[in-house]
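*Asks:* Make a model of the complete structure from these sequences and hints.
2 protein chains.
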Amino acid sequence: MTRIQADEVRITLEQILLDRNCPAGHAAKVAQEITRNSLEGTYSHGINRFPRLVGSIDQQEVRTDVEPVLMNGFGALENWDGRSGLGIVNAWFCMGRAIELAKDHGIGCVALRNTNHWLRAATYGYEACEAGMAGICFTNTIPNMPTWGAADPRLGNNPLVMAFPWKDGDILVDMAMSQYSYGALENAVLKDEQMPFAAGFDAEGKITCDPAAVCASKRVMPIGFWKGAALSFALDIFASSLSLGNSASAIGKLGGERDLSQTFIAIDFARVTPGNEAEDIVKNAVEDLLASTPDGSANPIVYPGQRMRSIRERNLAEGIPVDERVWDEVKALF
Amino acid sequence: MTRIQADEVRITLEQILLDRNCPAGHAAKVAQEITRNSLEGTYSHGINRFPRLVGSIDQQEVRTDVEPVLMNGFGALENWDGRSGLGIVNAWFCMGRAIELAKDHGIGCVALRNTNHWLRAATYGYEACEAGMAGICFTNTIPNMPTWGAADPRLGNNPLVMAFPWKDGDILVDMAMSQYSYGALENAVLKDEQMPFAAGFDAEGKITCDPAAVCASKRVMPIGFWKGAALSFALDIFASSLSLGNSASAIGKLGGERDLSQTFIAIDFARVTPGNEAEDIVKNAVEDLLASTPDGSANPIVYPGQRMRSIRERNLAEGIPVDERVWDEVKALF
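Protein sequence lines, in the order shown, are assigned to chains A and B.
So in my numbering, the last spot in the first sequence is 334, and the numbers never skip.
So in my numbering, the last spot in the second sequence is 334, and the numbers never skip.
Source of the hints: derived by calculation from the structure; they are not laboratory data.
Do not take every clue at face value.
For chains that are exact copies, the list does not tell them apart, and a pair is met inside one copy or across any two.
Calculated pairs, DMTMM-like style, for lysine to aspartate or glutamate (alpha carbon to alpha carbon, straight line, at most 20 angstroms) [to be verified]:
(1) Lys253 x Glu193
(2) Lys167 x Glu313
(3) Lys331 x Glu130
(4) Lys253 x Glu277
(5) Lys283 x Glu318
(6) Lys218 x Asp288
(7) Lys206 x Asp295
(8) Lys218 x Asp295
(9) Lys206 x Asp152
(10) Lys283 x Glu130
(11) Lys253 x Glu287
(12) Lys331 x Glu8
(13) Lys206 x Glu61
(14) Lys253 x Asp288
(15) Lys253 x Asp280
*Replies:* Dropping the structure here:
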C-alpha cells in the first residue's frame, strides 16, 4: 500500500481518458469523481475500479462521446436516454436536472435509461446536498441476487441512496440490497476470513457465513431476507418503468452489466421550511442518536455518512491509500 | 376464530366512531380502511388494532374532529400539520394531495407533521396505485429499535412503502426497518415459537431468535443489521425535517406514540411513458421473477404485493377471520 496525493491521481486518470479520445469535460468529470470516491474511502468504486472502466471503454461497451437526450418531460418529471454513455457523466447530469426541476417545482424527478455503472451511488446524493437539497436515487444492476425462496439470481442488488444536507456533515445512506457486496466477499476470501453474518447460501442451499461458498453459488443474502428481496424488486420496477429502460431481468440478457436504469429525486425542502428549524431537527436527532448507550460490541455508534469527513481529511493530508499493483495497472493504461 | 362479513365489520366500526362524535366522513373513512386492512390480510393493523385506536380517542390523544392544515407550499412540494388528528384521515388526505400535485407537476411530495398512527402503511401506496400513479411513503414511529452498536432504542422502525400500479396486481412493498414487528414477536411468544432468524439481542447483548428475550430487552434487530439502522435514521430525518415535525427522538419524549412525521410522494409516470411500454416492463419483470428456480425451502416465490388479492377474494367471499375475543372487545366499545 502506498499513498498518492489526490491531484496526482486525478491528473493521471484524466490523461488516460483523454488519450482514449474522451471529450475533455467528460474526462475531467470522471477523473474527479473516481478520485473523490477513493479520497472519501469508497475504494471499491474509486481507483480500484478504474481499470475495469477503461476496459469497458476500450471494448466499446461504454461510449465516452455522448450526452444524454431528453425523451419525455412533464413539469417536474422527466426521462432521459443515457445512450450507453459514461455512467458518472449521465448520472451526474440527471441528478443535476432533478435539482434544476426542484428549483422550479420544489421537487424534481429524473429517470434515466441506457446508462452504465455510476460507480459510487453516494456521489449523486452528495450532489443534491451540495445544492442544499435532499436527494433520493437508485439504480438497478445485473441480476446478482436470488429472490427469497429462489436459487438463481434474478434480482439486482440495486443500491439506494437517501441524502440530507447538514452543515456538520451530510446524512447519507448508500446501501445495496445484498448484505455484502461481491467485492466484500472476495476481499474476505483473499484474507481467509468468514463474514460476521449470514452472507448467503452455499451450493446445497444452506445459509452460510463462508464468502467462498457464496461467491461460488452466486446466492448472496438480501438485507432482511425477504424484505430486501422485495425492496430490490420495487426499486427495479420504479427505475425501469419510469425510464422505459431495462429491468434487471432485461439487463441479464444483454451479456455484461450495461444499459442500466436509474432514478434521481431532488427535494428543495428549504422552500417550505423557512429559518433554521430543519437544521435544528437534524442536529437534535443526530445528538440523540450519538448519545446511545454502547452495546459493548466493537461496532461504533455513528450516523450514516459521519465517517466520510475524517477519512477525506486524512486522505487529503496524507494522500489516498492505493495498492501498488492497482496503481501499476492504472499507469499501464497510458 | 370466526368469520365476519366485511360490511358488518365496517358498519360496526363506523357506528362506534360515530357514537364518539367522530365526524361522519372521518368515521366512514376510518371504518372503511381498518376493515380493508383485515380484508386484505393485514390483521395486525385491522380490526385487532381498533380497540387501541378507540382508546386513544377516548383518552383524547387522537382528535377526531380536525382536518390537516397547510403550513407551506411551493410548486409540487407542500407540508401540512395534522393537528393530532386521526392518522388514517391525515395520511389519506396527504397522499391525495401528493396525487393532485403530481397531476399538475408530474410528481408531488407532501410532508405531514403532528399526525397519529396511519395503521397499515400499504393503504397509502394503494391510494397512489388507484390513481394510476407510483407512490412512495414513509413514517417515523416511537423509538423502538437501537441503532447498530447500541443497547437502547433511539430509532423508530419507520415503515417504508414503494408502490407501482399494475393491472394484474399492484407491486407493493410495505416494510418496517426492524426484522420483526413487536406484534410478530408477541404472537410467537404466545405460540411458544422461536423466530426463524435473529430477532434481536437478549438482555446480555447476545443475538437471539427468542422472541420473549427480545420483547424483554426491547432490542429488535434492524433489517440488514447496520444497513436497516442507517435507512431508519435517514427516513426519520426526511420525514421530520421536511414537515418540521417530530423526529423519533422527539416523539420518544412525548409519552406515547403520537404527533408523528410522514412523507408522501406520488409520481404520475404515465405523463412521460406513453403507450403500454411501462406495463410491459412490469409484466416481463414479474414473469421473470416468478420463473425463478425454487430453492427447495417452503418459502413461496412471489412478487411484493402478489398475495394480497387472493386473501382479499377469500375474505370477501367467506368473511374476515376475527378472533372472537377481539370481536367481543370491539362490540363492548358500543
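*Asks:* Failing hints, ascending?
*Replies:* 1, 3, 5 and 13
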